[in-house]
Amino acid sequence: MTIFSRRLKETGKEMCFEAVRAALDEAGLELKDIDTVVCGTAPDAFDGIHMKGENLLDGCGGSKKTYMRVFTGGGTGVLAPIAGWWHVASGVSDVCLVVCEEKMSSCFPHPQSAFGHIWDPILDRPLRPNLVWIFAMEMNRYMHVHNISKEDIALVSVKNKKNALDHPSAQLAANITVDDVLNSEVMAWPVQRLDISPPSDGAAALILVAEDKVSSITDNPVWVEGVGWCIDSTMWTNRDLYFPQYVAKAAKMAYRMAGIHNPFKEIDVAEPYDPFDYKELHHMEGLLLCKKGEAARLTREGVTERDGDLPTCPSGGLLGVGNPIAATMGIKAGEIYWQLAGKAGKRQVPDARTGVCQAWGDLMQYGSVMVMRS
Amino acid sequence: MEKYPGKPLSSKEMEEVTHEKWDPAVKYAWSCGEAMSRFLNELKKGKLVGRKCHKCRRVIFPPKMFCETCFRPTDEWVYLPDTGTVMTYSVSYLDMDANRIEEPILVGVIAIDGASENMGIMHYFEEMKPEDLTFGLKVKAVWKPEKERTGAVTDIKYFKPLEGSK
Amino acid sequence: MTFVDRIERPEDFRHWVGDMEAQYVYTSGIAGDKFFTELKKGKILATKCAKCGKVFLPPRMYCEDCFCELTEWIEVPNKGIVETFTVVHVDRDENPLETPEVRAFIRMEGTDGGFVHKLNIPPESVEIGIPVKAVFKKEKEREGRITDIQYFVK
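Chains as they are written, first to last, in my numbering: chain R, 1437 to 1810; chain L, 3 to 168; chain Z, 270 to 423.
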């Protein structure tokens, strides 16, 4: 993957090239060994290029190959490797390259402006909403239903930004305290500045290989054992936001495929999607890693630290590393791979055998989940 | 720690490297459809209208011509009162373009009375202090004068606390 | 199964008008920045792949086929051939132009690429295969953009 930064000089294509080249080098492969390319990149409106998937093609190494672009907003970071899995599991592909890219710095006055057209033009846009509002409303509902304090939620931001100090791509790694979070600028109550991840540019790539080909490429493979994805309606004002049902459905689909019956006991490391600190808790519950309302207590007790019983976001997550939407694949699916292959360096969780990663997208409606084992 | 590729730019450097600027200047005229056309026309008359599905017996608001759970057309129009309950809210110090504002905007989701559970719309709150905005607060719509209404969700100016409730 | 209500008053149907609020700034990238910086000085540069020999114009940071990073930059002579062209009679909004204009793809000599640009040649005199060269704007008018080349002539 590339570094994640508020703005990178590279074009979208160049970022893809850098990430893909790094993946090919790590795997000891060349572009001619790849038969299929899946590109994950979220709304065209960020980069400002219509049909972005087609535009990025040559930088992804997809010229004249079997190629597909997928996107589900923020869910793309895990849905893209799932789409790669479709290609390999169906027999269409033996060696599938998955590339994710996002260049949010092109959008002015602020990447927020691209979000302007996610809203319903008749019901929502005339009220001139800011995307932070709706996440604030989800956070508020979650806090209210389970009586969770801002202090407990802030612990997630502290943990992840600290974990990110060990990640080479990190945009926002830092040693902060709960007080720093609680004293940071209020954006839309209850969301404060240090509760949120920033817009970023970046790209990431990974390579999936069919079972019968894998031994010729590596003796240390990590296996995709379960996949799941689910979406709820855009009519978010008609839902109770305190629990992400669509994440739970996607998780059940993935766990059933992977033969997991007790996620908390059987999962060694988790990378839920954390664009906000409360989202890590919300998604831990959605991933059925704990009971509803319990995630805050687990965080407070240190269970989710790298040396705890369920290390969560050991990469530093979106809060610490950055949030280039689809390219977060590098810190979700990519991180679980590196953890299970024993290649996570300073971030390594000991004895990680089974991991789960998850992404979340669109108008708080999409969940994609992948379970891996070494 | 190993180094990953990428050349970061400051906002000043972004102006200094060669670049192209572009304003898409794209315009749209979205068809409202049957349900939202009626919804907007009723707003102009100062009324809220929902749609009922006879199979699951839900009253859907904002109205839809199809029931997404039974997956069949909905059956009748239902007028609803302009009062409701606060389902969730936020106190925002950011405007639509992420600029900081001095006076916060109070915004949230109001579940409208008479509709089925969780049938809400987003709107503003006023005539209250931020600390008065709570979950479960009963609120009532404050409308623009009739001649200023155009058939838009902004024909309702905001929701205020229902008298006698707190 | 269609909706149960009959439509009796089509004039009741509404539409909602809106636009796209965002504007964009596109960086030209690692290779692009070097290309446009030199174009501003009146030079045309390309990158060459050491493995397959392909010469990219506009220059790219990587070879599309070999997928290696391209570090060899070469200067391209200002000589090209019209590979294909069209004569444009209306502008973007379909208003008629005063005089028709010629737009062409010009294959530049010694490269596997070229330019899509304007030919300042009367339409009747344009044929596929004619040699052309770029005319640059005056130096102080150049900005480091593709429009630093004003047009191509015979």
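Wrong hints could be hidden among the right ones.
[To be verified] Lysine to any residue pairs mimicking SDA-like chemistry, simulated, CA-CA at most 25 Å apart:
hint, chain 1, residue 1, chain 2, residue 2
1, Z, K303, L, E78
2, Z, K387, R, H1486
3, R, K1728, R, F1700
4, R, K1685, L, E78
5, L, K54, L, E17
6, R, K1468, Z, H284
Source of the hints: derived by calculation from the structure; they are not laboratory data.
Checking against the hints above, which ones are violated?
Hint check: 1, 4, 5, 6 fail, others pass.
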